[in-house]
Amino acid sequence: NAGVTQTPKFQVLKTGQSMTLQCAQDMNHNSMYWYRQDPGMGLRLIYYSASEGTTDKGEVPNGYNVSRLNKREFSLRLESAAPSQTSVYFCASSEASTGQYFGPGTRLTVT
Amino acid sequence: SQQGEEDPQALSIQEGENATMNCSYKTSINNLQWYRQNSGRGLVHLILIRSNEREKHSGRLRVTLDTSKKSSSLLITASRAADTASYFCATLLYSGAGSYQLTFGKGTKLSVIP
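Keeping their order, the protein sequence lines are chains A and B. For the first sequence, position 10 (counting from the first letter as 1) is numbered 10 according to my numbering, and the numbering increases by one without interruption. In short: position in the second sequence from 1, add 111, done, that's my numbering.
Bound conformation, chain A alone (with noise of 0.2 Å):
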């Protein structure tokens, strides 16, 4: 049971070039999420989807854009990458209104 699980867990980016968060649970959860974390930051939210099909923006969507390819798997593209967008992103997945459980991270460097 491996949980949630992320790739990359690096990437380097030049501006203007883009690229695929991959995440995936074996939870069977409803509800997958993508947050990014900025230093001395909390999380904030990206894209959401509350079940398979479904895809709602969070606080931060500005750039980003998301496939729920099925109820395990849930992308984030980056279309064209800005240094604003170097941080590190989380995925998540929960059932509803319950705790999330969070993937290791995918440390992305835009230069």
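It is worth saying that the hints were derived from the structure and are not from the lab. Keep in mind that a hint or two might mislead.
On the chain A side, residues computed to face chain B include the following (Cβ under 8 Å) [unchecked claim]:
no., residue
1, F90
2, P104
3, G105
Every residue, glycine too, gets a C-beta built ideally from N, C-alpha and C.
Assemble chain B onto chain A, guided by the hints.
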């Protein structure tokens, strides 16, 4: 915008002492959760307290919730060096259509000195 605000931002104590962290929030909530984050790692869920509960215990953790003051506290008793981490409170709000959003504070950085 961040719903929860933790206080203090940083706390340094000796092993064996108790650590208390506070959280204030702005709007009505469904529940409030506390998470721990070790350096460079993902967050780990510690404890959840519902809006109709006032106190909850889990091992060495004690959480209180005062909805009239919109505040919560996390007490870690008999702290250990392994408790060194950042602690975040997060408030859960129902956002419609069966979905919930969790909003995090900026965290309290706890250092437990052996």
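inquiry  = Restraint: P104 (chain A) near chain B, CB-CB cut 8 Å. Satisfied or not?
reply    = Holds: closest Cβ of chain B sits about 5 Å from P104 (chain A), inside 8 Å.
Per-residue hint verdict: F90 (chain A), partner chain B, C-beta under 8 Å = At about 6 Å, which falls below the 8 Å cut-off, the nearest Cβ of chain B leaves the hint on F90 (chain A) intact, so it holds.
query = Taking 8 Å as the limit, does the beta-carbon of G105 (chain A) come near enough to a beta-carbon in chain B?
reply = 5 Å, holds
Violation of the numbered hints given earlier is absent; every hint is satisfied by the structure.
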